[in-house]
Amino acid sequence: MSFWLIEAAYLVASALFVLSLHWMNDPKTARKGVLAGVVAMTLAVLGTFLNPGIVNWGWIAGALAVGFLIGVPLSWVPLTAVPQRTAVSHAFGGLAAGLVGTAKFYLWQDAPENLTAFRTFAIVAEVILGFLTFTGSLMAAGKLQELKWIPQRPVTYPLQNLTNIGLLGVAVACGIALVFQPVALAYLFPVIVALALAFGVLLIIPIGGADMPTVISLLNSYAGLSAVAMGFVLDNKLLVIAGALDGSSGLILSIIMCRAMNRSFANVLFGAFGQVQQKAGVAETRTAKRETPEGAAQVLEMASQVVIVPGYGMAVAQAQQRVRELYDELTRRKIEVKFAIHPVAGRMPGHMNVLLAEADIPYDKLIEMDDINPEMPQTDVVLVIGANDVVNPAARHDKTSPIYGMPIIDADKARMCLAIKRSMNPGFAGIENELYFADRSYMLFGDAKAVVGDLVKQLQGSSGMH
Amino acid sequence: MSFWLIEAAYLVASALFVLSLHWMNDPKTARKGVLAGVVAMTLAVLGTFLNPGIVNWGWIAGALAVGFLIGVPLSWVPLTAVPQRTAVSHAFGGLAAGLVGTAKFYLWQDAPENLTAFRTFAIVAEVILGFLTFTGSLMAAGKLQELKWIPQRPVTYPLQNLTNIGLLGVAVACGIALVFQPVALAYLFPVIVALALAFGVLLIIPIGGADMPTVISLLNSYAGLSAVAMGFVLDNKLLVIAGALDGSSGLILSIIMCRAMNRSFANVLFGAFGQVQQKAGVAETRTAKRETPEGAAQVLEMASQVVIVPGYGMAVAQAQQRVRELYDELTRRKIEVKFAIHPVAGRMPGHMNVLLAEADIPYDKLIEMDDINPEMPQTDVVLVIGANDVVNPAARHDKTSPIYGMPIIDADKARMCLAIKRSMNPGFAGIENELYFADRSYMLFGDAKAVVGDLVKQLQGSSGMH
Amino acid sequence: MLCAPLLLAATASEAAAAHDGSPAAFTALLFVFLLATFIGLGVVTRVSRLLHTPLMSLTNAISAIAVVGSIVIAGQDHPPVITLLGAIALAASMTNIVSGFLITDRMLRMFKKPGGEKRP
Amino acid sequence: MLCAPLLLAATASEAAAAHDGSPAAFTALLFVFLLATFIGLGVVTRVSRLLHTPLMSLTNAISAIAVVGSIVIAGQDHPPVITLLGAIALAASMTNIVSGFLITDRMLRMFKKPGGEKRP
Ligand SMILES: NC(=O)c1ccc[n+]([C@@H]2O[C@H](COP(=O)([O-])OP(=O)(O)OC[C@H]3O[C@@H](n4cnc5c(N)ncnc54)[C@H](OP(=O)(O)O)[C@@H]3O)[C@@H](O)[C@H]2O)c1
Ligand SMILES: NC(=O)c1ccc[n+]([C@@H]2O[C@H](COP(=O)([O-])OP(=O)(O)OC[C@H]3O[C@@H](n4cnc5c(N)ncnc54)[C@H](OP(=O)(O)O)[C@@H]3O)[C@@H](O)[C@H]2O)c1
Chain A
31 MSFWLIEAAY LVASALFVLS LHWMNDPKTA RKGVLAGVVA MTLAVLGTFL NPGIVNWGWI
91 AGALAVGFLI GVPLSWVPLT AVPQRTAVSH AFGGLAAGLV GTAKFYLWQD APENLTAFRT
151 FAIVAEVILG FLTFTGSLMA AGKLQELKWI PQRPVTYPLQ NLTNIGLLGV AVACGIALVF
211 QPVALAYLFP VIVALALAFG VLLIIPIGGA DMPTVISLLN SYAGLSAVAM GFVLDNKLLV
271 IAGALDGSSG LILSIIMCRA MNRSFANVLF GAFGQVQQKA GVAETRTAKR ETPEGAAQVL
331 EMASQVVIVP GYGMAVAQAQ QRVRELYDEL TRRKIEVKFA IHPVAGRMPG HMNVLLAEAD
391 IPYDKLIEMD DINPEMPQTD VVLVIGANDV VNPAARHDKT SPIYGMPIID ADKARMCLAI
451 KRSMNPGFAG IENELYFADR SYMLFGDAKA VVGDLVKQLQ GSSGMH
Chain B
31 MSFWLIEAAY LVASALFVLS LHWMNDPKTA RKGVLAGVVA MTLAVLGTFL NPGIVNWGWI
91 AGALAVGFLI GVPLSWVPLT AVPQRTAVSH AFGGLAAGLV GTAKFYLWQD APENLTAFRT
151 FAIVAEVILG FLTFTGSLMA AGKLQELKWI PQRPVTYPLQ NLTNIGLLGV AVACGIALVF
211 QPVALAYLFP VIVALALAFG VLLIIPIGGA DMPTVISLLN SYAGLSAVAM GFVLDNKLLV
271 IAGALDGSSG LILSIIMCRA MNRSFANVLF GAFGQVQQKA GVAETRTAKR ETPEGAAQVL
331 EMASQVVIVP GYGMAVAQAQ QRVRELYDEL TRRKIEVKFA IHPVAGRMPG HMNVLLAEAD
391 IPYDKLIEMD DINPEMPQTD VVLVIGANDV VNPAARHDKT SPIYGMPIID ADKARMCLAI
451 KRSMNPGFAG IENELYFADR SYMLFGDAKA VVGDLVKQLQ GSSGMH
Chain C
-2 MLCAPLLLAA TASEAAAAHD GSPAAFTALL FVFLLATFIG LGVVTRVSRL LHTPLMSLTN
58 AISAIAVVGS IVIAGQDHPP VITLLGAIAL AASMTNIVSG FLITDRMLRM FKKPGGEKRP
Chain D
-2 MLCAPLLLAA TASEAAAAHD GSPAAFTALL FVFLLATFIG LGVVTRVSRL LHTPLMSLTN
58 AISAIAVVGS IVIAGQDHPP VITLLGAIAL AASMTNIVSG FLITDRMLRM FKKPGGEKRP
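Protein chains in written order, with our numbering: chain A, 31 to 496; chain B, 31 to 496; chain C, -2 to 117; chain D, -2 to 117.
Because the hints were derived from the structure by calculation, they are not lab data. Predicted model, so just to flag it, every value in this text is computed and none were measured. Just to be clear, a hint being listed does not mean it is correct.
[Unchecked claim] One side only, chain D facing chain B, incomplete, derived with CB under 8 Å:
| hint | residue |
| --- | --- |
| 1 | 20 |
| 2 | 25 |
| 3 | 28 |
| 4 | 31 |
Here a beta-carbon is modelled for each residue, glycine too, at the ideal position from N, C-alpha and C.
Please put together the full structure from these sequences, using the hints given.
Next up, the structure:
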């Protein structure tokens, strides 16, 4: 009987998980999607409780309570910290998968008939994926949080990739051995765990902090795959389905990011990309024209169409509220204001959308790169707020540039360009941006929040009634 | 061993079937889709051959040969006969499912432990769906082929729906009885088969010939579902997957048709829609203005943008080649020619696209209703070729009209409208079309092929060098 | 390299037989059905409107997957009448496969790409 | 009305047990995996670009499905050390569920519909 209830619960849960992702295709239905996810997860948990032989209710209650107590605060992090948070929970996910796999392996040592070839195979896969996701995600979180004791810059040493692949190879080899001799060779299991943990760390070390978002998405799909493996171990379809959904989502997001950066997975994983930044910072020969907030405000008032290009800087400066005020001031003057959103502006996909949404800017004003670029020539003023690489014309023509080929927002094609940043320092890609030296470009130096604030004051000052 | 090869073949086949449908989303990749389907089917067949215990190779070879010999000619039918052909193969599909189910049922009579509740349940479902699809599709094909001895008009009699539902109810009741007593009550099985066969016929009788395309799509999903049921009987995942793909496809196509006709399933199935046509044909009071091919040709030459609205009449008259020549003549004169395709123009979804594609008209000239309607006011001449309901303005305003609410092509909004049809007879919906009485409308009476041919001659006559 | 042990491990057919018709096998099929339906709905809704007629005949051919069941019935050693039923079913399915794919391809070959020359 | 016989018929758990880990069960999971991956790819590619950040945290919550396995390990009567492992796994998964869904909803609540007022 319980068998049927459980299977029914799992079946409905599977359907709801699919719908949950499906409804994310439109902001209007997105929250329904979350609801579906919650219901699905609840069904999954309740269904599992029906399993005959579940007795340690105390332990379960305790664990759930702990998880609840950690989880709630973890959901309060500021939006700028979302990437770290995501990384941390990937770590938790990997840990859970790894531990369950380990437990199963040792439990079945006493009932080896259960350790069929594919079961053992699945366990090995689950454990390797789980534990490397665990350490890897922790490292990634650390780099994103810019912890002192974790080097931001990629750490490279000779034969690095070779040793990494080697490590993984050994782990896999041990795994295969286990598949043949799950009991006799059981002592290999801890070795595999250790290697997986180590590999997770070494995988991240050579990757620059700014590539972490891509890496996180990849770790996301690893976490999903480890759930799939767990599904094979426990012969549980729901685990396989949810894991697969998760895995494909992570994969697609990282592909989107790579495309938008015009880079390959290999380049992200082994390219030690951030390095180029060392040779950046070379003193500028050319100088860029400066503009004062007063002047900028006047220019903006004159414009009939303004396009704002937000970037990582706006996120760092937490300037979104000020930007909102600027938006209000301008629209109040019947000036058409649009936001040009680059797919990889900021440090995670959709980063800018969330920040601007937080500032209550209606999402039909957030225009995707491909839709806004055609309008650029008719745009009077482009206001770049803490963006850099995503508006770097070098990506279009300079074959030698590391971001050559990356699609960009054509800020240089507008009648005039105002750029807010603190200095002439480069962005994530570590290369200078000729846009700032163009005749039609003027710099507004300073922290994005402060500068935008000044602009707003200026506009409020002037009656605004013309 | 064979077990693994078979499962592998089935797994790959499943993936290929999905891809096959996926690639149909673009004419560029569509043929690749067919290829994928062929490979998948081949894998499925070869995989099945590996089953231990397959011995009657003679029978198999014979059956395959027969199927081949019937199948090849069946694929040569003219495009106008495609709906009938589809119906016939649904009949074959249903027959196959029904027979396999029957065979399995009697085979397992000697090994009743195999007739578990859900197996029997699945067999009953398979047999009912299979056989009702069989007779139902044959009836549909007959109506589409307009066979004399099958009444075109819906045949209705008192309590019709009640008796039909009743029949089905009895069949299902017997089925449930069988689920409990698969052996003791085995004699109920032929009853179920008979009822299913009868139900198939009675289901179609009350439906008008012109509704057959919708019905065929529904039968398509029944055929798919019977394959799914077979999958449950034989515990075969590939059958379930392919069947489900098929079922959902049929369902969606019929939904699209119903939407485009603004009618509900219930209305199609039980509405006896075609009936209204009886009270049609009432003599026209108002008279429509006629136009001669000469005059029409001159009008067309003057135009700068012409929109052609093809309909069922073009299909019946097989006029697509002439239409192509007309298209060439006009484009040669630098006149912008577009085709307005209504989703349910003709008698099956996409009917017009195939016909015009057959006449080598590039598919980027075939514009969907929603995209062409905004252009209508700027259009100089709309040339309606054997279309009627899909350009009937009554659908927009006349609440009493049977097609009220059905989205239409706004031919009446163009500067001028030329309509080619043989008479003032109504179309499938059996209602008069006020478009033909509008001031800006002129009729070209005659068979579409002939009339368009005349137009082409006229145009060729006039030098065309101005 | 990994299939080797998997294969050794499998006391295949018997195991499969043991599994046939078990509740677990039944629910497994339910999950497969659910997922396949989701895929079908998702994929078909995105089929180009241009190709709805070819789509009908393609799915038509795909539904001939009943061939799998027919082969099993017709091919195994059963009383002649059963074999006959199987053979008829097989012939019917084969007809659908052949005609379905042939006519679909025939229609698709007609679609000219905007460029002008026929699709390869 | 049809489940009744189905249930009667099922000598459920045993049957399920018999099925566990059999080759057939294994391949069933393979099919499920294949289909679910297709769905995932299809669905995610159509997620609105606006919502890629919430999507990340939503899938994050969904991947906490490992909770199912954790409950089984932690809940059944096993040596304490195993139970401990299970409990840790369970706590970790629960953390992801709670934080994942909460933060996703928090982000989505921010998205104002063009009209102006917040989404309900
Ligand atoms: N979004 C993703 O998913 C993702 C993933 C991986 C990598 N990336 C990469 O991240 C980059 C994103 O491009 P982006 O243009 O948004 O950012 P960016 O290229 O990193 O440039 C950010 C700019 O903001 C300025 N800035 C920093 N803090 C500021 C503050 N408080 N006030 C004002 N300005 C400040 C910095 O210049 P100053 O120091 O002079 O102020 C910097 O030049 C791309 O290269 C992309 O490939 C994105
Ligand atoms: N496409 C689908 O999937 C589908 C499915 C189900 C139902 N339907 C229905 O079918 C109808 C399709 O609309 P439609 O406008 O394409 O066709 P229609 O409304 O049936 O009108 C066709 C017109 O073509 C004329 N015609 C017939 N033979 C001709 C010939 N040889 N030469 C010239 N004209 C000829 C007829 O007038 P004369 O007799 O005066 O010549 C008739 O008025 C819609 O009502 C739709 O709901 C379509």
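Residue 28 of chain D as an interface hint toward chain B, with CB separation required under 8 Å:
Status holds, d = 5 Å.
Under the criterion of a CB-CB separation shorter than 8 Å, is residue 20 of chain D in contact with chain B as hinted?
holds, 6 Å
When the least beta-carbon distance from residue 31 of chain D to chain B is tested against 8 Å, hint result:
Given a least distance of 6 Å, the restraint on residue 31 of chain D holds.
Interface hint compliance - residue 25 of chain D to chain B, C-beta minimum distance less than 8 Å:
The hint holds - residue 25 of chain D has a Cβ within 8 Å of chain B, the shortest such distance being about 7 Å.
Hint violations for this structure: none, all hints satisfied.
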